[in-house]
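*Asks:* These protein sequences, in sequence, are chains E and F. For what it's worth, our numbering labels the leading residue of the first sequence as 346, then goes sequentially. For what it's worth, our numbering labels the leading residue of the second sequence as 8, then goes sequentially.
Bear in mind the hints are in silico, worked out from the structure with no lab data behind them. As the structure is a prediction and not an experimental result, all values here were calculated from the model. Don't take each hint at face value.
Claimed, not checked - As a list, the in silico DSSO-like pairs of lysine-lysine whose alpha-carbon atoms are at most 30 angstroms apart:
1) F/337 with E/481
2) E/481 with F/138
3) F/292 with E/490
4) F/23 with E/536
5) E/534 with F/138
6) E/433 with F/9
7) F/230 with F/158
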Amino acid sequence: MSGIAIKATSVVKSFGEGSAKVMALKGLEFEARFGEMVYIVGPSGSGKTTFLSVLSGILRPDSGTVLVEGADIWSMPANALAAFRLNKIGFVFQDYHLFPRLTTIENTAIPLILRRRDWDQSLREALGYLDIVGLKERAQLPPVKLSGGEQQRVAISRAIVGQPDFLVFDEPTASLDGETGRSIVRFVKEKVLNDRRCIIVVTHDSRIYEFASRILTMEDGKLTGTMPVPA
Amino acid sequence: MKGIFRLAFKLLVNDKAKFSALIVGITFAVFLMVQMTSLFAGILDHSSSTVLNVGATMWVMDPSVQTVANSIGMPDYVLDAVRSIPGVKFAAPLYSGVALLKLPDGAWQAATVIGLDDSTLFGRPELIRGKIQDIYAENAFIAVYDSEFKKLGNPQIGSELQINDHRARIVGIAKVNVSSLFGLPTLYTTYYRALQYIPNPRFTISYVLVEPKTPRDIPAIKKAVAKIGYRAVTKSEFIGMISAFYKYQTGIGTNILIMTVISFLVGLSISGQTFYTFIIENLEKFGALKAIGATNNELVAMILFQAAFTSLTGYGLGIGLCTLLVTLAKVRLPSYASMITYFNLAVAFVMVLFIAGFSSYVGVRRVLRIEPFDIFRS
Ligand SMILES: Nc1ncnc2c1ncn2[C@@H]1O[C@H](COP(=O)(O)OP(=O)(O)O)[C@@H](O)[C@H]1O
Ligand SMILES: [Mg+2]
């Protein structure tokens, strides 16, 4: 399956009013297929996070449409949109946003718990995903006891525990050292990406460009073109 | 839904420092509120002890009487006048005064003496030991077995003491419903003996106890008594009068009210403040949950659950603490006037609900306003 997974048309988004108005997105066209890991790269402030939020149903655009698996997400009512995010999208936030008062395994299980899955069953499934990211032994520790790279892997296991069709990563390597960052993205490419899944990565870290399927460049609120994937 | 409550519970309880502060705040507030209002209820209850123990349907008294302990003597014709009111089934005089006793060991002790009508013994207590007819024997008195009983030197039937230099003999031990507020033991005797033993002003009837023919006669009796310049009230009206006296004429009520309000405000601010900080510190996490796909309703349910859980736990602990303290106090001080009534518990519960509602309202407002995008962007 390598059909169109997500398609955005004429997406415009501004912040503020009057003279303080910032045009963050100035009419973007975008398309991604299943089985792809698409990068959006560009300087800080170019609108990458804003665009990722519009694509993933978190931030409503001023105009334009986003079709995810053919469904126009921005015409959905709020609860349907929340359900769409819960069931279709796995998020890996820039700062991970793990719960310091929960154990690693409970953090991982959150999307399942929000899906009203039984608690113990959720934890059992979560343990399987912690195993995949190599943190089974850390399951009962709180995230603060883990290193940055390990926390990133917990965030990834939380993002994939519900087997979403889409994964969105915002600057996944921003707070990791070079080698850790590369190993994590390599892991995502080898173990998490498959041909029923579409991954969108926003970054400006050139050390991980080699793992991309495609690289799109963004500048000043517009997608300006593509960039060759380094060997 | 169960899972998100468990999640909410863990987020709350695992933050041990904040959770303890919340619980302490609410426990403290509940404890103070219940403590204050119970003390007050106890005082009111004990202050009406004579009215409760004697148990007449109506009381006739001088219009200036405010509380049962401070009676004002009425002339004998009042008794006859009351007896001749058409709705009155019967009426009996009651004497209530204070006498100075000399105990066998030589110690002095003040006591309340209640004199019952010689022919009917109306208002007589229930005896645990002895026979009521013995009250007619020479120098006979009945001691009331209340929390002040031991101040009489734990008398037995046959024990002797001196009342205002007259010999007195205990012929019975009576049970009471409520001990008095003033720490004085109580003795029952007949009306005429009370007059002999206790020096008196000109008028000697403290109260006329009235039994109406039917409850429908009560208003007419009141009117007729008012016509001769006295006042007739029902038992519950009398208790209400005494309560009002302690509430409004003594400063006790006002102080207790102020203390209750203060404890409520302290509890509200400690708990409200802590819960608010708790929500603010977790705001990002609630934002992350929202981004992942939790609905606003689910987040609100989580906050309400957290607030309800904390408040109910604090409520329980507060009540427990209060009960423990009152019980301990009563062990040391049998007449300690404190009474935890259902009404007090309900008042404290309503206040706790208010604290919980207020705290969660503030939290919910913040959580509903978070934009998950802001979390995403940070
Ligand atoms: N909530 C906001 N209010 C005002 N301006 C915003 C807001 N969010 C983003 N912006 C602006 O939009 C632009 C794009 O921001 P962002 O998408 O975060 O860029 P990037 O992720 O590429 O660094 C920036 O100029 C930023 O200042
Ligand atoms: Mg960004």
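*Asks:* When the hints from earlier in the document are held up against this structure, which numbers fail?
*Replies:* Going through the list in order, the structure violates hints 1, 2, 4, 5, 7 and respects the others.
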